[in-house]
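Asks: One-letter residues, chain by chain:
Protein chains: 2
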Amino acid sequence: MKQYQIFVTGKQGIFDPAGKTAQNALDNLGYTGIEDLKIGKFIQLSCEDSVSLDTVTEMCEKLLANPIIEDFRIDEVGQ
Amino acid sequence: MKQYQIFVTGKQGIFDPAGKTAQNALDNLGYTGIEDLKIGKFIQLSCEDSVSLDTVTEMCEKLLANPIIEDFRIDEVGQ
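Keeping their order, the protein sequence lines are chains A and B.
Counting from 1, position 42 in the first sequence corresponds to residue 42 in the working numbering; the numbering is continuous, with no gaps.
Counting from 1, position 23 in the second sequence corresponds to residue 23 in the working numbering; the numbering is continuous, with no gaps.
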């Protein structure tokens, strides 16, 4: 069995309303010193050994990320 | 400036509807061999040097994660 970790993040310049809301909420709770907070997706994929990195890249392009507004990075993390 | 990366994942046994939906959709697209797919949050936090790991842990417990159903991990990733 293979394991992949996929990190999906908003592209530079794309507004991230969830991140901004969390940042404001932390500010309201009294946490100062936060300069930026971005919320993306962390996807953990377990699959058979036959599923290659190329295939996972294709899955990201087609479904798991929105290539117009998001970037993604894939790490293979072993068995 | 400090940078933290926070990984928020569903606790073992908690149903992840977004992950299950994505898994089914990949199956419908013809991708076979996927055994499990979980979707969590990937949070990137930029802050002043004065914000400690303890403070970020507190932020997670209070706001960024839901400790009843989610686990989180924090990595400090440098300047």
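In case anyone wonders, no lab produced these hints; they're calculated from the structure.
Hints are supplied without guarantee of correctness; some may be wrong.
Copies of the same chain look alike in the list, so a pair counts if it fits in one copy or across any two.
Straight-line alpha carbon distances no greater than 20 Å define the calculated SDA-like cross-link-like pairs of lysine to any residue that follow [to be verified]:
hint, residue 1, residue 2
1, K2, I68
2, K38, F7
3, K11, T55
4, K11, A25
5, K38, T57
6, K11, S50
7, K62, G13
8, K20, T55
9, K11, D27
10, K11, V51
11, K41, G10
12, K11, N28
13, K2, P67
14, K2, P17
15, K2, D71
16, K2, G33
17, K2, I69
18, K11, G33
19, K62, Q5
Asks: Would you mind marking each hint as holding or not holding in the structure?
Replies: Here is how each hint holds up against the structure:
For the homomeric pair K2 and I68, neither the shortest alpha-carbon distance inside one copy (28 Å) nor that between copies (29 Å) is at most 20 Å. For the identical chains of this complex, K38 and F7 are neighbours both inside a copy (12 Å) and across copies (12 Å), given an alpha-carbon limit of 20 Å. Taking identical chains as interchangeable, the C-alpha atoms of K11 and T55 are never at most 20 Å apart, the minima being 22 Å within one chain and 27 Å between chains. Proximity of K11 and A25 under a CA criterion of 20 Å is satisfied in neither setting, with 23 Å inside one chain copy and 24 Å between copies.
In this assembly of identical chains, K38 and T57 lie within 20 Å of each other by CA distance solely across copies; the values are 17 Å between and 23 Å within a copy. Within a single copy, K11 and S50 get their C-alpha atoms no closer than 31 Å, and across copies no closer than 28 Å, so neither meets the 20 Å cut-off. For the homomeric pair K62 and G13, neither the shortest alpha-carbon distance inside one copy (22 Å) nor that between copies (28 Å) is at most 20 Å. For the homomeric pair K20 and T55, the shortest alpha-carbon distance between copies (19 Å) is at most 20 Å, but the shortest distance inside one copy (33 Å) is not.
Proximity of K11 and D27 under a CA criterion of 20 Å is satisfied in neither setting, with 24 Å inside one chain copy and 27 Å between copies. Within a single copy, K11 and V51 get their C-alpha atoms no closer than 27 Å, and across copies no closer than 26 Å, so neither meets the 20 Å cut-off. Both within a single protomer and between protomers do K41 and G10 lie at most 20 Å apart by alpha-carbon distance, with minima of 9 Å and 12 Å respectively. For a Cα distance limit of 20 Å, the shortest separation of K11 from N28 qualifies neither inside one copy, at 27 Å, nor across copies, at 28 Å.
In this assembly of identical chains, K2 and P67 lie within 20 Å of each other by CA distance neither inside one copy nor across copies; the values are 24 Å within and 28 Å between. Proximity of K2 and P17 under a CA criterion of 20 Å is satisfied in neither setting, with 34 Å inside one chain copy and 22 Å between copies. In the homo-oligomer, the alpha carbons of K2 and D71 never lie at most 20 Å apart, since the shortest distance is 23 Å inside one protomer and 22 Å across protomers. When the C-alpha separation of K2 and G33 is checked against a cutoff of 20 Å, the pair qualifies only between copies, where the shortest distance is 10 Å, while the shortest distance within a copy is 40 Å.
Taking the shortest alpha-carbon separations for K2 and I69, neither the intra-copy value of 28 Å nor the inter-copy value of 26 Å comes in at or below 20 Å. In this homomeric assembly, K11 and G33 never come within 20 Å of each other (Cα to Cα): the closest approach is 24 Å inside a single copy and 30 Å across copies. In this assembly of identical chains, K62 and Q5 lie within 20 Å of each other by CA distance solely inside one copy; the values are 17 Å within and 26 Å between copies.
Of the numbered hints stated above, those contradicted by the structure are hints 1, 3, 4, 6, 7, 9, 10, 12, 13, 14, 15, 17, 18, listed in ascending order.
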